[in-house]
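Novice: Could you slot chain B onto chain A? The hints should help.
Heads up: the sequence lines are chains A and B, in that order. Per my numbering, residue 690 is the first one in the first sequence, and the count goes up by one each step. Per my numbering, residue 197 is the first one in the second sequence, and the count goes up by one each step.
Among the clues, some could well be false.
[Stated by the list, open to error] No farther apart than 30 Å at their CA atoms in a straight line, the calculated lysine-lysine pairs in the DSSO-like style are these:
id: 1; chain 1: B; residue 1: 248; chain 2: A; residue 2: 706
id: 2; chain 1: B; residue 1: 290; chain 2: A; residue 2: 706
id: 3; chain 1: A; residue 1: 759; chain 2: A; residue 2: 784
id: 4; chain 1: B; residue 1: 352; chain 2: A; residue 2: 706
id: 5; chain 1: A; residue 1: 784; chain 2: B; residue 2: 307
id: 6; chain 1: B; residue 1: 290; chain 2: B; residue 2: 331
id: 7; chain 1: B; residue 1: 352; chain 2: B; residue 2: 290
id: 8; chain 1: A; residue 1: 784; chain 2: B; residue 2: 248
id: 9; chain 1: A; residue 1: 706; chain 2: B; residue 2: 207
[Claimed, not checked] Chain A residues, not near chain B, derived (Cβ > 10 Å throughout):
id: 10; residue: 701
id: 11; residue: 710
id: 12; residue: 742
id: 13; residue: 753
[As the list claims (entries may be wrong)] Covered by chain A, according to a simulated footprint, are these stretches of chain B (three or more residues, beta-carbon under 8 Å):
id: 14; stretch: 209–220
id: 15; stretch: 233–247
id: 16; stretch: 285–293
Think of the hints as simulated: they come from the structure by calculation, not from any bench. Glycine included, each C-beta is placed from N, C-alpha and C at the ideal position.
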Amino acid sequence: MSQSLYPYRSTQIASRKLGGEMMIMSASDSTLFTLNETATILWEAADGSASLEEIVAAKIFPQFDVEYEKALDDTETLAQQLASHGILFLASEPKGPGRACSGERVNQ
Amino acid sequence: MSALLEEMSEKALQLGVPLSVQLDLTYRCNERCVHCYLEHDDHGEMTTVEIKSLLRELADAGVFILTLSGGEIMLRKDFFDILERARQLTFCIKLKTNAILIGEREAERIKSLGVESIQVSIYSHRPEVHDSITKVPGSLHRSIHAIRFLKARGLKLIIANVLMAQNRQDYRGVRALAAELGVDCTLDPTVTPKMDGDRSILRLGADHATLREVFREEGLVRSTTDFCAPAPKADDGVLDSLPCSAGHNACYVSPYGDVYPCVQFPLPSGNVRRAPFLDIWRHSEQLNEVRSIRLRDLPSCSQCVHASGCTRCPGLAYMEGNMRGPSIQDCEKSFARTGIPSVNLLSRAAQVPRLVQIQGLKTAAAAA
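Extracted from the complex, chain A is given alone in its bound form (with noise of 0.2 Å):
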């Protein structure tokens, strides 16, 4: 990965966590998404203040039994399957609490 990437959820979703596992909903076209265990930690976590690295790190790694490049490979192809569904998005810059989440993508 060249550049720090700061996930951040969009606005424009609805999410409920049932049983471990994130649904989330997208209003722009209402289409539903499940994401499992792994994914929900980002999705958790994904809040603009952290970045991939720092998440796999502190939320990823120390739970599963894999290497951490392995774990940061994965975390970012996950990252970037939910930013092509347009429910996350990727900034290069960390965003600060209560910032709209509308400014700079790198997904687009």
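Specialist: Same frame as chain A, but now just chain B:
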């Protein structure tokens, strides 16, 4: 329902999670629809603070789909305050409205808050018919304007039409209007009794011939042959199934905080002003009774030829006097669909006193 949503509904059912809740914000309304089941006076609606507190409880209980309805939701001065809080809590929001108070500014606000869909009641494409049902002159025009504002902002719109005797000629026109506006359209053939039990408005419903006609309308049903075919014999799987999702993974909360299994099933099950929502959801005797009922527990319906294909609504049955009994409206729908009378209809027919033709009366009178 998408396969994934169905899967989530099943999971919610197993976990005992209320996946979907309808919350009526008010019973007040700016229309006076002839078939409406509500009484519109305000008897002490929940305050903004109470509703926001309830929203937190609903989110914590796992509610995902939150339908905000009424009455007319836009009559609440705090509507956008409530909606904003609901979206902060990441509910999937569906709105039900007549939309006549929605202008461009309101449409913009609804869009910015990420609402999933908006259902607007339209009873006819002809103003003279629609407005005579709502009793508000100009209401069709205003509702259609609002639909255009909302649609132009990329929102998902659904026109909801209730089939009645008064508008039975117009369901095709409403579908054509929906197509022209680029929105979805539903047709509900059920007029619901008033929540206080008054059944007088049922006389407004569509008659047998109209039901027969719409159930055979290409485009309304996927396959008329399949839709109108007699139901297969109910096996153990069907007999052990749940009559519907009311009280299982869905429920309804009134503007006064009353919890019911469904908006169409007014069985008082608790009040969120007196007990936490989750306590009511988990421990209400009434909800647990509803949850205990399987199709095989319905004395009449389990024996009926329509058992495996009927749309029986337990709420309508409850309003008829017995939540384990049949719902005459659904019996009539099954009959109109298949041409086969239900056990309930046959039983009622047998109970109607036969007309006795009195013969020889004239002769007897003359003899006297």
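Novice: Does each hint fit the structure? Answer for all of them.
Specialist: Going down the list of hints, with the structure as the test:
| no. | hint | verdict |
| --- | --- | --- |
| 1 | B:248 <-> A:706 | 20 Å, holds |
| 2 | B:290 <-> A:706 | 19 Å, holds |
| 3 | A:759 <-> A:784 | 26 Å, holds |
| 4 | B:352 <-> A:706 | 24 Å, holds |
| 5 | A:784 <-> B:307 | 23 Å, holds |
| 6 | B:290 <-> B:331 | 26 Å, holds |
| 7 | B:352 <-> B:290 | 10 Å, holds |
| 8 | A:784 <-> B:248 | 28 Å, holds |
| 9 | A:706 <-> B:207 | 12 Å, holds |
| 10 | 701 | 4 Å, violated |
| 11 | 710 | 8 Å, violated |
| 12 | 742 | 26 Å, holds |
| 13 | 753 | 23 Å, holds |
| 14 | 209–220 | holds (count 3) |
| 15 | 233–247 | violated (count 0) |
| 16 | 285–293 | holds (count 4) |
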